[in-house]
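From just these sequences and the hints, can you work out the full model?
One letter stands for each residue in the lines below.
Protein chains: 2
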Amino acid sequence: MSCETDTVKVLRTTGHKATPQRLMILGALRHGSGHLTAAEIFGEVQAEYPYVDISTVYRTLGVLKELRLVSETDMGTGDTTYEWVQQQERHHHLICRNCDEVTSLDHQYLEDLGAEIMAESGFKPDLDHFAIFGLCAKCRLEAEQN
Amino acid sequence: MSCETDTVKVLRTTGHKATPQRLMILGALRHGSGHLTAAEIFGEVQAEYPYVDISTVYRTLGVLKELRLVSETDMGTGDTTYEWVQQQERHHHLICRNCDEVTSLDHQYLEDLGAEIMAESGFKPDLDHFAIFGLCAKCRLEAEQN
DNA sequence: CATGTAGTTGCAACCAATTGCAATTATCAT
DNA sequence: ATGATAATTGCAATTGGTTGCAACTACATG
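Read top to bottom, the protein sequences are chains A and B.
So the first sequence is numbered by our numbering: it starts at 40 and just counts up by one.
So the second sequence is numbered by our numbering: it starts at 40 and just counts up by one.
None of these hints come from the bench; they were simulated from the model.
Fair warning: there could be bad hints in the mix.
Note that identical chains are pooled: a pair holds if it fits in a single copy or bridges any two copies.
As the list claims (entries may be wrong) - Below, simulated BS3-like cross-link-like pairs (lysine-lysine); rule was C-alpha separation at most 27 Å, straight line:
1) Lys48 - Lys177
2) Lys48 - Lys104
3) Lys104 - Lys56
4) Lys163 - Lys48
5) Lys177 - Lys104
6) Lys104 - Lys163
7) Lys177 - Lys163
Here is the structure:
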């Protein structure tokens, strides 16, 4: 039942190893709330054990992403963030390219899109966690005035 | 009618300057076919005039992206590519995260999604040129076997 | 056409992320 | 338990992209 042993199992059955470094990174992801940058994860891991390299963090995040245990999102702020998939509600972000306001988007829209694409082409898109850029209502109206 | 003078006009009216460096970068984008990396653009510009800095290329691409004259796409290969918006057909890419196969996606799917989001929330998403990751039909079937 | 000013450039330093490699280690099969 | 082996690690070097800054320049305005 512990998510930890579950994750370890997933790692092993996919030919990966459950190393101490990875367990620390997993811990940071699981206990950190929401979006974490690689640097934040690195910091937390280092507090526990200082001899871990940042490249190990990135490589581990790469593996976890591949296994779809974490999601990676570029919120357009310059840093990429990572989130533990199990604990997140399915959600998406609408980010205004003018005022940077971030609002949420119901998952249903993308669920439908995914189903359509899958039905037509057989391709199964990963649509768990999208960042969609555009113009929010306010900025759009302002832009249309000119 | 010349796209060049049109673009210059857009730059000026938005408070930007039409510098020689920018015109060279615009030329590279307009004459290069399809997706170009920043390095490719830099190379072409340097061939014409060697004293242009790579940071100028990135900054110019940033401005053009903001003005929506070029689109930026991360195809998951590690390098970001840029494309002159005027000349491209609206298209999207389905990229298999397993075998890296790239197929095209009809724009209509995203058009519909965009219209829905806009109708419901007032947010107008930029959906000109998307890279959607997932599993292609072949890899999905293989994965389901196990 | 002269001029003030805001936008831009090149440079160098910097930051985030990736990669090659030799040493190490978790895991599987015995 | 032991040993073989493939995955992983830390390190150092590298790549792709960004930023602060002083010098410069396009261009709107008069």
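Exercise for the section: Measure nothing new, just compare the shortest in-copy and cross-copy C-alpha distances for Lys104 and Lys163 to 27 Å and report within, between, both or neither. Expected result: Cα proximity of Lys104 and Lys163: one copy only (16 Å, versus 29 Å across).
Evaluate Lys48 and Lys104 at a C-alpha cut-off of 27 Å and name the case that applies: within, between, both or neither.
-> within (16 Å within a copy, 44 Å between copies)
How do Lys163 and Lys48 come out at 27 Å by Cα distance, when the copy is not named: within, between, both, or neither? Close inside one copy (25 Å), not across copies (43 Å); limit 27 Å.
task: Evaluate Lys177 and Lys163 at a C-alpha cut-off of 27 Å and name the case that applies: within, between, both or neither.
output: between (34 Å within a copy, 10 Å between copies)
27 Å Cα cut-off: does Lys177 pair with Lys104 within a copy, between copies, both or neither? Between. Shortest inter-copy distance 21 Å satisfies the 27 Å Cα cut-off; intra-copy 35 Å does not.
As a check of your reading, is Lys104 near Lys56 (CA-CA no more than 27 Å) within one copy, between copies, both or neither? Within. Shortest intra-copy distance 15 Å satisfies the 27 Å Cα cut-off; inter-copy 42 Å does not.
- prompt: Quick one: Lys48 to Lys177, C-alpha cut-off 27 Å, is that within a copy, between copies, both, or neither?
  reply: between (48 Å within a copy, 26 Å between copies)
Against the hints set out earlier in the document, no violation occurs for any number.
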